[in-house]
Amino acid sequence: MEVALALDRNSSVALYRQIYNGLREGIVSGRFEAGTRLPASRAFATSLGVSRITVTECYDRLISEGYLETRRSSGTFVCTRLPELDLYASGATIDHHTQGQRDVPMRLSRYGASVNTPLLPPVSPEIIRLDRPGPDVRAFPKKLWTHLCTRRMQGECPDLLQYTLESNGNTELRVAVAQYLQKSRAVVCDPSQIVIVNGSQQAIYLAARVLLDESDFVAIESPGYRFASQVFASQGANLLPIPVDRNGMQIAQLKKHRDKYPKLVYITPSHQYPRGVSLSVPRRMDLLGWAKDVGSLILEDDYDSEYRYNERPIPSVQGMVPNAPVLYVGTFSKLLFPTLRLGYLVVPRAFQDVFARAKLFCDLQSSSIDQSVLADFLNEGHLEPYVRKMRIIYGRKRALLIESLRRHFGRRITIYGDEAGMHLLADFQTSLSEDDAFDRVFRSGSAGRAPLLAWKFSDPACRTCAICLWVRSDQRKRHSSCGRTSRACVSFVDVRLTLRSQHTPVSSHGSALRSSDCPKSPVTMTHRLSSSSLTGSFR
77 MEVALALDRN
87 SSVALYRQIY
97 NGLREGIVSG
107 RFEAGTRLPA
117 SRAFATSLGV
127 SRITVTECYD
137 RLISEGYLET
147 RRSSGTFVCT
157 RLPELDLYAS
167 GATIDHHTQG
177 QRDVPMRLSR
187 YGASVNTPLL
197 PPVSPEIIRL
207 DRPGPDVRAF
217 PKKLWTHLCT
227 RRMQGECPDL
237 LQYTLESNGN
247 TELRVAVAQY
257 LQKSRAVVCD
267 PSQIVIVNGS
277 QQAIYLAARV
287 LLDESDFVAI
297 ESPGYRFASQ
307 VFASQGANLL
317 PIPVDRNGMQ
327 IAQLKKHRDK
337 YPKLVYITPS
347 HQYPRGVSLS
357 VPRRMDLLGW
367 AKDVGSLILE
377 DDYDSEYRYN
387 ERPIPSVQGM
397 VPNAPVLYVG
407 TFSKLLFPTL
417 RLGYLVVPRA
427 FQDVFARAKL
437 FCDLQSSSID
447 QSVLADFLNE
457 GHLEPYVRKM
467 RIIYGRKRAL
477 LIESLRRHFG
487 RRITIYGDEA
497 GMHLLADFQT
507 SLSEDDAFDR
517 VFRSGSAGRA
527 PLLAWKFSDP
537 ACRTCAICLW
547 VRSDQRKRHS
557 SCGRTSRACV
567 SFVDVRLTLR
577 SQHTPVSSHG
587 SALRSSDCPK
597 SPVTMTHRLS
607 SSSLTGSFR
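Quick note, in our numbering, the sequence shown goes up one by one and the last residue is 615.
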């Protein structure tokens, strides 16, 4: 039997792939019926004008995938049962016309109902994203990381590809993390207290699952990290928003909830999200003493404390007193690169086993390969030089962005949180209501201006704008990106669209920011730039 296949020798698709695709499509479509004998590899290669090795490789792949079979002294034949048939149960049929037209009734749990909200649609690359902060991965040492990964994979360690009994994390990595935290953040712990998680977001989720029952109270910063609040609320917890001022969470306000003692207090003390302030040492000590007295636990999220520019870092809350009632959370996803889904949760000794088991039930384990490579990265001393380099890079970007904002806005802008971390927050002023401001943005925008993703707030008394420090690494492109942001911001100010009402009194604690500041629905500005609340980061 001769087989006719059309080959395009000018195509970017390799001849081997063209032959394979042609044979497979012929078999699936029925052109080559079950039991059909294919020509010998030498004869087939001659007819196609290719090497015999090319045809042999195609035959071998189709045999391995179940499309062809060999019979001793007879040749190569099309299989009588194709692999597609094994994808479906016996007797099953697929009606492509009616599939998807019959909706399955949604009978959700309370948790399912709480997270049943539509995901955001994809956003055009032309839109400047102020709601997706992250590290500058262009500066990450990819060659070094590739070398470490290759060395691990080529080593004699088959366990890297297997399940592990260490649901709380690779021992080597936990030892390295414990040493790193003791040195850099004054965290008091040993490796047994560390649970390796898939980013700090999973650490927050595990804490909520393990510690909270329905109707428990959780104290949160206001404004604060909305993904943490949503996790707590999804467990049925009641949220107690505690206002934040220039010294962090107001512990005096927390103490007023005598009839609603929170079971958990969630804080970002090193670089409060989104205002960027640090929780002062007196308030840290006050919080620790209060938590011990009432039996509350503190969940300390230290998501980007490595980057401080003009001041020395404050030690972690966890390490300030012996036996602190603190669960300490950190992440390497934000420090190194986001697709490295590795973070850590440091728990009091009494909680070691329960969190290890909760991690086991959640996803069995984090990636053994990533854990081993990260352990090498830490143990060989690569992290500290990398952080020093990135501190310089982010410091320069921070200075460029602040200078650009102040040059264009002058006294019409107040910047917070620029002493540390990877984002800052800028307050603007306006006499317009929120609806008037956003309506005017849509009506008066001119085509060609770079749009931004913006959040629309529900509280007319206060508006905040948080601007991510991330811009392009290239100096020319960096200035271009800042220029686009500044020009769009100028358009925003030109029509008097700013974010804090001049006629709204500020509360006695120095901040009008409240829990209602958290964004509820994103609005994409299609012409001119509106400001953006960065209350939704990723960890």
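These are computed hints drawn from the structure, not numbers from a lab. Here the structure is a predicted model, which is why all the values come from computation and not from measurement. Errors might be hidden in some of the hints.
[To be verified] Straight-line C-alpha distance at most 27 Å; calculated DSS-like pairs for lysine-lysine:
| no. | residue 1 | residue 2 |
| --- | --- | --- |
| 1 | Lys368 | Lys259 |
| 2 | Lys368 | Lys336 |
| 3 | Lys332 | Lys368 |
| 4 | Lys368 | Lys331 |
| 5 | Lys259 | Lys218 |
| 6 | Lys339 | Lys368 |
| 7 | Lys465 | Lys219 |
| 8 | Lys259 | Lys465 |
| 9 | Lys465 | Lys218 |
Tested hints:
This hinted pair checks out: Lys368 and Lys259 have alpha carbons roughly 26 Å apart, not beyond 27 Å. For the hint pairing Lys368 with Lys336, the CA-to-CA distance comes to about 16 Å; that is within 27 Å, so the pair holds. Between the alpha carbons of Lys332 and Lys368 the distance comes to roughly 16 Å, so the proposed pair stays at or under 27 Å and holds. Note on Lys368 and Lys331: the hinted pairing holds, with a Cα-Cα distance of about 13 Å set against a maximum of 27 Å.
For the suggested pair Lys259 and Lys218, the alpha carbons sit about 26 Å apart, so the restraint of at most 27 Å is met. Only pairs whose Cα atoms come within 27 Å are accepted, and Lys339 paired with Lys368 is accepted, the gap being roughly 12 Å. Using a Cα cut-off of 27 Å, the hinted pair Lys465 and Lys219 holds, with the two alpha carbons roughly 16 Å apart. Restraint check for Lys259 and Lys465: the C-alpha separation of about 19 Å stays at or below 27 Å, so the hint holds.
With a C-alpha separation of about 15 Å, the suggested pairing of Lys465 with Lys218 holds against the 27 Å cut-off.
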